[in-house]
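Colleague: Model the full structure from these sequences, guided by the hints.
2 protein chains.
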Amino acid sequence: MKKTTGRVTLPSEENFLSETKELMERWGADALRDSDGTKLDDEIKQLDAKIYSTYFVARGNNEFAKKHPEETQQLYLMSKYNTAINQPLKIDFLDGYFLDQIKPDYLHNPKEWWEVIDRTTGEVVEPREWDVNQQTNEVVVHHAKPWHEYTVSFLAFMTWDPTHMYNHITNNWGDEPHDIPFDVRQPHSNQFAKDYLKQWLSENPDTDVVRFTTFFYHFTLVFNDLGKEKFVDWFGYGASISVAALEAFAKEKGYRLRPEDIVDKGYYNSTFRVPSKAYLDYIDFIQQFVAKEVKDLVALVHDADKEAMMFLGDNWIGTEPYGDYFKEMGIDAVVGSVGDGTTLRLISDIPHVSYTEGRFLPYFFPDTFYKGNNPAIEANENWLTARRALMRKPLDRIGYGGYLSLAYKFPEFVNYIEKVTDEFRMIADTIKDAKPYSGIKVAILNSWGKLRTWQTHIVAHGKRYKQAYSYHGILESLSGSAADVMFISFTDVIENGVPEDVDVIINAGDEGTSFSGGASWSDTRLTTILREWVYNGGGFIGVGEPSAIHHEGRYFQLATVLGVDKELGFSLSTNKYFTEEIVSHFIAEDMTELNFGEGVKNVYALGENTDVISYTDESVQLASSPFGKGRGVYISGLPYSQENTRLLMRAMYYAAHKEAEMKKWFASNINCEVHAYPSIQKYAVVNNSNDIQETVVYDGKGNNTTITLQPSEIVWEED
Amino acid sequence: MKKTTGRVTLPSEENFLSETKELMERWGADALRDSDGTKLDDEIKQLDAKIYSTYFVARGNNEFAKKHPEETQQLYLMSKYNTAINQPLKIDFLDGYFLDQIKPDYLHNPKEWWEVIDRTTGEVVEPREWDVNQQTNEVVVHHAKPWHEYTVSFLAFMTWDPTHMYNHITNNWGDEPHDIPFDVRQPHSNQFAKDYLKQWLSENPDTDVVRFTTFFYHFTLVFNDLGKEKFVDWFGYGASISVAALEAFAKEKGYRLRPEDIVDKGYYNSTFRVPSKAYLDYIDFIQQFVAKEVKDLVALVHDADKEAMMFLGDNWIGTEPYGDYFKEMGIDAVVGSVGDGTTLRLISDIPHVSYTEGRFLPYFFPDTFYKGNNPAIEANENWLTARRALMRKPLDRIGYGGYLSLAYKFPEFVNYIEKVTDEFRMIADTIKDAKPYSGIKVAILNSWGKLRTWQTHIVAHGKRYKQAYSYHGILESLSGSAADVMFISFTDVIENGVPEDVDVIINAGDEGTSFSGGASWSDTRLTTILREWVYNGGGFIGVGEPSAIHHEGRYFQLATVLGVDKELGFSLSTNKYFTEEIVSHFIAEDMTELNFGEGVKNVYALGENTDVISYTDESVQLASSPFGKGRGVYISGLPYSQENTRLLMRAMYYAAHKEAEMKKWFASNINCEVHAYPSIQKYAVVNNSNDIQETVVYDGKGNNTTITLQPSEIVWEED
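Respectively, the protein sequence lines represent chains A and B. The letter at position 107 of the first sequence is residue 107 when you use the working numbering, and the numbering goes up by one with no holes. The letter at position 205 of the second sequence is residue 205 when you use the working numbering, and the numbering goes up by one with no holes.
Hints in this document: simulated from the structure, not taken from any laboratory. No false leads were slipped in.
Because identical chains share one entry, a pair is satisfied inside a single copy or across any pair of copies.
No more than 20 Å apart at the CA atoms, straight line, and that leaves these computed lysine to aspartate or glutamate pairs for DMTMM-like: (1) LYS576 / GLU598; (2) LYS601 / GLU618; (3) LYS601 / ASP617; (4) LYS466 / GLU580; (5) LYS145 / GLU552; (6) LYS80 / GLU608; (7) LYS145 / GLU495; (8) LYS463 / GLU618; (9) LYS576 / GLU229; (10) LYS576 / ASP225; (11) LYS466 / GLU598; (12) LYS228 / GLU580; (13) LYS90 / GLU532; (14) LYS145 / GLU532; (15) LYS601 / GLU567.
Modeller: Right, here's the structure in full:
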């Protein structure tokens with residue numbers, strides 16, 4: 001491959017000048033950055049490269065933070081469940097929390113800001129019925145109902161930034177002071193944050209890009225009394241709470257939030273919860289605030305002739321790159337960690353920025369870079385996974401993090417990254433402005449819609465969850481498939497119908513979650529719009545427990561469309577005859593083995609019109625059903641694999657009655673994919689595996705040739 | 001074993017006199033019966049044996065039935081779901097039904113007795129908004145809401161008795177007329193049934209026992225348009241419906257039932273549904289009626305100096321042997337089919353009768369008695385399973401069914417049954433009036449309580465259901481265990497608390513079902529009574545989804561008692577640390593392998609107080625937890641096996657804090673059991689397997705000896 005330069009950011013460190021120059025050369029890097037724990041020395045800063053500098057807005061200034069403890073960031077937290085055994089009931093509401101992180105807020109009157117709830121009935125206990133003992137940190141409920149269970153929702157200060165806390169504990173930083181997060185909603189903090197940035201900008205003339213890590217509020221990350229993670233939600237707005245915020249909310253939205261609106265029975269409005277109106281209002285309110293404040297900071301950066309880059313993570317809460325206010329911030333670039341195709345698209349699809357950058361794996365840390373290990377293997381896996389998505393929507397830049405000196409000691413890795421960076425530039429330069437061909441347009445339908453573009457079924461970023469991986473596979477498959485993908489909410493459908501150009505809708509998730517939809521499926525506007533849409537030719541794919549809410553004898557509200565429903569135990573008396581698998585079916589054509597991951601139990605076909613494609617463990621795993629001119633397809637789960645990527649593509653083309661269209665820009669071999677770019681008359685055939693693959697390649701007219709690809713090879717062709 | 005006589009009923013048939021005498025002798029039979037398709041000739045009737053004659057009350061007299069078609073039995077049935085695509089919406093409400101069985105009732109005004117329901121909203125459509133076309137058997141909904149789904153609940157005549165229909169279709173009886181069931185609630189039928197019985201009694205002087213098969217209403221059994229079973233519910237009161245019944249109900253209970261009270265969204269009040277008040281009222285109303293009518297028939301039988309025996313099955317609806325009105329009927333005996341220990345106890349525990357009889361397997365039918373097969377094997381399996389239960393509560397008699405001439409051709413079988421009948425008499429004679437020792441008392445807690453004694457998790461009698469077997473194992477284990485078993489309802493607990501002598505409560509089932517309890521768990525009286533009871537020393541065992549209803553952040557409402565809850569996807573953000581299995585635990589002590597059947601996904605331990613005994617597939621399968629002086633035990637499923645029988649016993653003793661009591665009248669080997677009868681100072685050591693077993697046997701004081709048992713041997717000892 002031709003040696004090229006640019007689009008690559010390297011971490012560097014002190015006393016590493018000549019090696020940095022060498023690696024910049026070999027990897028074609030044109031930007032350098034510091035990392036947590038590394039600094040760039042002046043000589044490095046003078047190299048022919050853009051200089052990124054990590055910047056924290058709301059932490060890392062304890063001198064200031066300690067002067068204004070009342071401006072420390074806050075959280076609403078819920079105690080454990082406490083059974084009323086004796087009178088009075090004493091609740092140690094801090095039980096289980098990490099006292100280095102959490103301090104109860106006694107500055108504001110608990111009677112006004114806290115809530116004691118009888119969880120057996122759901123009733124709020126009148127404030128006159130309880131008191132707080134500030135010496136013992138106990139709530140005393142004077143007349144608790146015997147054997148009922150009570151919780152306390154209390155307002156607390158968060159006295160330690162979660163990322164700093166995590167790094168501190170993980171790396172045994174011992175006496176190093178704890179970074180206290182302060183809240184820019186408060187007057188002193190707000191002023192301080194701006195003044196400090198102004199000063200910093202003037203003191204850092206060599207910096208070209210201010211890499212905000214990130215802005216004001218960390219995603220919710222709460223530790224337990226053993227100093228281990230207790231609660232983590234990458235989307236959690238927990239740390240954005242304060243009395244000031246609650247007061248401002250009431251003023252702006254015209255009603256007061258209850259602690260329960262935030263605490264949410266201990267679920268804290270996890271992204272898996274169907275969002276309440278109060279919560280949607282709240283996050284909208286925070287987003288507006290964050291946008292306004294970020295805009296001010298970005299203006300300062302621009303005034304200093306620098307670029308503002310946002311790290312998508314850590315204190316990213318409220319920025320919502322796919323939200324309504326992101327555009328206003330004026331941010332130049334977003335950088336984020338690329339774990340797979342989904343996270344790549346999460347970054348590369350972000351609108352309203354000049355460029356996006358992905359931080360690739362592995363991190364140059366001793367957990368991967370140790371003697372005897374070959375980091376090139378992880379790099380190759382990461383690259384192949386991410387590359388699929390790059391072919392659909394490339395990042396503008398890639399980069400790495402950690403200790404460059406460590407990576408330097410692994411020559412095979414250095415060689416491999418040299419190839420990767422060249423390949424990345426080849427892709428990015430070639431297709432930068434070319435829209436890839438998509439044979440089909442799919443809308444992911446859930447409670448969140450566009451706001452959570454490429455962000456469904458995530459708890460902690462990059463972590464596998466048994467309850468999520470069988471759904472997450474859908475996004476991962478789509479991230480690199482020749483399909484147009486959009487995310488729509490139930491409200492979108494109810495208010496505007498299904499967008500005109502959508503071929504297929506996917507609804508995927510466990511019953512009751514925001515991704516399946518829960519009570520949204522009781523809304524007859526939703527079900528009637530979708531039934532009509534499918535009947536007139538649309539394709540509806542349900543995965544897991546789609547459209548599920550038990551109502552009027554149905555569990556899947558679109559059972560008639562899907563041709564299947566789930567047995568809850570109430571209709572065992574009704575015989576389920578339709579269990580025979582159809583001999584061959586378009587959807588399963590290339591499959592040698594089917595894997596539905598966790599799947600769903602007790603799904604049955606409604607009648608003889610349902611084509612049962614896979615029936616195992618006495619349950620339908622895969623089926624299709626006609627509904628007027630449209631079709632429903634049911635899949636019990638779809639963990640990511642190349643087989644399932646193909647299965648999903650086939651399911652989409654089948655659902656949309658577009659089977660005849662599938663073999664355009666198409667590879668017969670499931671390990672390969674074809675990406676075509678009509679505007680530049682090019683197409684690429686990609687081998688997603690590490691083995692040699694032979695595949696039939698179909699062009700845009702359906703003509704085909706057979707080609708052989710080397711392991712992980714891309715072949716570019718002119719159309 | 002000593003040769004004995006009595007307690008055994010044989011089927012016989014025409015022209016089989018000498019062989020009948022021979023088999024009576026060898027098996028010690030003292031009663032003879034006819035069967036479906038066989039008759040006893042006069043010579044046989046003169047043998048020294050009681051004669052049972054099968055008798056049908058409400059069918060088998062088509063001449064009468066055809067004269068009074070308006071008195072044919074009725075059903076409420078629901079149509080399929082029909083999507084309103086075009087206007088008007090025409091609903092072929094008979095679609096899917098078997099027209100040989102079902103005729104719409106046009107004698108009574110559909111506008112008054114039928115219901116059209118918008119299942120998308122749950123709203124009833126005003127009768128003026130629809131009409132019935134009696135020519136096409138269609139309901140026409142004039143202004144259906146587009147894309148809503150509609151059902152019709154219609155009143156139908158059932159023109160073919162379900163058992164007759166089943167036998168007719170299964171055996172290809174061709175032109176044989178269909179038995180039309182008539183309704184003794186109607187005036188002519190009522191009179192006819194009594195007159196006919198009177199006449200029959202006078203014409204059958206040789207009959208000693210009138211074996212009613214059974215009385216008035218068949219359990220719900222509806223066939224589909226292909227003549228196959230469509231809906232079967234062994235507890236279904238479907239066929240007891242009629243306009244007359246509905247009118248009488250309204251008069252008696254003071255309110256009218258809606259069709260939906262019976263149709264129940266197509267679930268037809270399956271025994272798995274938490275019963276509504278209307279349904280409980282309805283079945284109570286039917287039970288009273290049935291009791292009154294049966295009482296009259298029994299009086300006629302008694303007047304003729306004969307005994308009245310009831311077959312527990314077929315048209316048994318409303319008799320409810322464990323209900324409030326059974327006593328009033330004056331029935332002498334109940335006979336039923338013994339499939340396992342549970343069904344044996346279902347029969348043998350029935351109160352208010354002089355004797356009980358079990359019909360053992362195999363049936364003397366060609367499906368088992370064919371050349372090359374050894375029916376003794378099935379007989380042995382059936383016997384070993386049933387014998388466990390016999391040792392706890394013996395039947396008074398056993399019997400067989402089918403063609404005696406067929407059995408006669410299998411000498412090994414004849415030999416085996418000779419042993420079985422002797423062994424049965426030995427057991428029954430020995431322990432007839434002796435209460436077996438029980439070390440522990442357990443109450444099965446569900447919506448039905450006593451009414452469904454030994455009848456939980458049954459759909460069609462004797463059929464395995466994937467959704468039920470992991471719960472049914474509990475009853476099967478208990479049926480032969482040295483435990484006192486009672487069945488209590490949520491209402492019992494709310495009204496009277498937990499009975500004083502109960503050591504352990506078991507709540508087992510899938511969420512929402514009557515056996516788990518569904519919305520009953522929102523009743524704070526229930527949860528507080530149980531929490532207090534366990535706290536003060538009670539044991540609570542939850543199997544599957546016990547106490548489950550999603551409410552205030554908990555799924556298991558007794559989560560705190562059980563020490564576990566189920567993750568629904570809303571609290572994935574909360575780390576679940578407590579996954580490590582405890583090294584050894586009393587409950588799992590004798591287990592080599594654990595089998596939880598279907599189990600339940602995503603169960604997690606609440607905290608460090610929970611002892612996780614088994615954690616597989618990222619889910620707690622078995623755990624215990626202290627709660628005050630009591631304990632909770634969670635088991636994800638308990639299919640029947642000897643291992644699980646032991647596991648359940650251990651779980652009960654552990655939950656009740658009675659571990660030290662367990663090794664009284666106890667066998668160390670899980671294939672063996674000890675049954676002690678203190679009042680007669682005897683005990684039996686039973687080998688439940690077909691292998692030689694060595695076991696330590698503990699007596700009532702805990703002293704032990706080691707003994708060896710031959711395959712399936714019982715050793716009787718004096719205490």
